[in-house]
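Sequence lines, in order, name chains A and B.
Sequential numbering of the first sequence, starting at 60, is according to this note's numbering.
Sequential numbering of the second sequence, starting at 1491, is according to this note's numbering.
FYI, nobody ran anything at the bench for these hints, they're computed from the structure.
Fair warning: there could be bad hints in the mix.
In silico EDC-like cross-links for lysine to aspartate or glutamate, where the CA-CA straight-line distance does not exceed 20 Å [stated by the list, open to error]:
| id | chain 1 | residue 1 | chain 2 | residue 2 |
| --- | --- | --- | --- | --- |
| 1 | A | 152 | B | 1746 |
| 2 | B | 1513 | A | 148 |
| 3 | B | 1758 | B | 1746 |
Chain B is nowhere near these chain A residues, computed Cβ spacing over 10 Å in every case [unchecked claim]:
| id | residue |
| --- | --- |
| 4 | 141 |
| 5 | 208 |
| 6 | 231 |
| 7 | 243 |
Ideal placement from N, C-alpha and C gives every residue a C-beta, glycine not left out.
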Amino acid sequence: MSELVAIFLGMVLINNFILVRFLGLCPFFGVSKQLGSAISMGVAVTFVMAIASLATWLIRNYILIPLDIEYMHIVIFILVIATLVQIIELFIKKTNLGLYFSFGIYLPLITTNCAVLGITLINATQDYSFSSSIVAALGGGLGFTLVLAIMSGIREKLELANTPKSMKGLPIAFIIAALLGLAFVGFSGII
Amino acid sequence: MPIGIMAAIGLACGLIIYLVYIKVPQKVKGLEKTEEITSILPGMNCGACGYPGCFAYAQALSQDPDLITKTPCSQVLQDPDSLAKLEKALGCKLDAAAMCKKALVHCGGNSETVCDYSGVQTCKAAAQLLRGYRKCPYACLGLGDCVEICPQGAISIDPEKNIAIVDPEKCTGCGLCVTECPQDLIELVPAGTKVAFLCNYQPLKNIPGRERCDYGCTHCRKCFKACEFEAIEWNKETALPEFNQEKCTLCLKCVEVCPQNTLADFTKMGKEKEAELVAAK
């Protein structure tokens, strides 16, 4: 149990996907202009990460390892994740339209998000057990959502701030990202 | 062996998607109208309407048909067939000519080259060096950034004048070239525009060492004085004429009186060029 807590906290704060591992940087700047869309994106990523970890754990442990072709995990994981996201999208579109529209563009957008591929590869290289990989995925997704929410909150305020003309928009966002990254370095070593 | 397994997994993935597509019943109703509108829309997801893609636009339209008058799809307005279909689907009548917009390059060309530019061959790069290599700092550089971005292939570089020329017949008014042009020369004008002004030289914002080319507007105000219908207003900030298209009767007196030929009949711009091309062949 304590191991699961350690993995969860480690994924949320210490090895945060965006600020420490530098994965999923595209949505970090692309979808962090408004708090609402940032949280939708975070929830969608968390959901896909959890489903992808589940599926890839099964495939790795029941197909790749018995057949001794673990070295092919990257290409097979990409294939599985893309299929999974397509199936989920199709399924939601046919059964629950409200959910489909609230996911909107985000679900197909993260088909090949590197944070999603990242969590499955981390699970594989760390050789996590089934429950550990699910907890790691949920923690990673939560950390992703947290950083996206913090960033979008800051950027919403920055829109109103008196920034120099050459700094407006992305340049100041990059600087803020660097400062946030420094802050997250402070978490290293708490476990 | 690994290739076989890879292929098997890929095949299984494809089959599962196909099965989900076929077997899961469509429980949700209400998407029919959205899908009908989506099939009419051009589907190129240009984003000119302000929505992220044609599907999102169709969804908004199906909920609020009045939206078509506020943010019309510039592609549909060009095409009578799909416009008629969209009118039928939404149950309203549209005045396409009034809503349609066309891009117009405010430069007549032939501005002299004052230095030899051999840098990166894009307007953006050239414009960063003291606003380009032409005598006029507001001149079209003719390196074709707008040609590259135009999804319709409506813009070409005139080989004689070395400037970008928009073919109004192909232009759909998406506005991509307007944001692309580093010299801010391109403007979206209503499709019913009568007189086109082909210069953007602003003496009050002059840049030291650079001056108007021999072909640009001399700010003589002859067009302003010649107009009998008060259709031309003189903008004091830019010292350039502005045209009120509703009052203009297309008498073309201003075009005749202009000593520099910076005015042209916009209604003939695309056709003239085509006639020239036909004559050349």
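Hints versus structure:
1. A:152 - B:1746: violated (62 Å)
2. B:1513 - A:148: OK: residue 1513 of chain B and residue 148 of chain A at ~15 Å, within 20 Å.
3. B:1758 - B:1746: holds (15 Å)
4. 141: violated (8 Å)
5. 208: Residue 208 of chain A clear of chain B: closest Cβ-Cβ about 21 Å, beyond 10 Å.
6. 231: holds (21 Å)
7. 243: holds (31 Å)
Violation of the numbered hints given earlier is confined to hints 1, 4; the remaining hints are satisfied by the structure.
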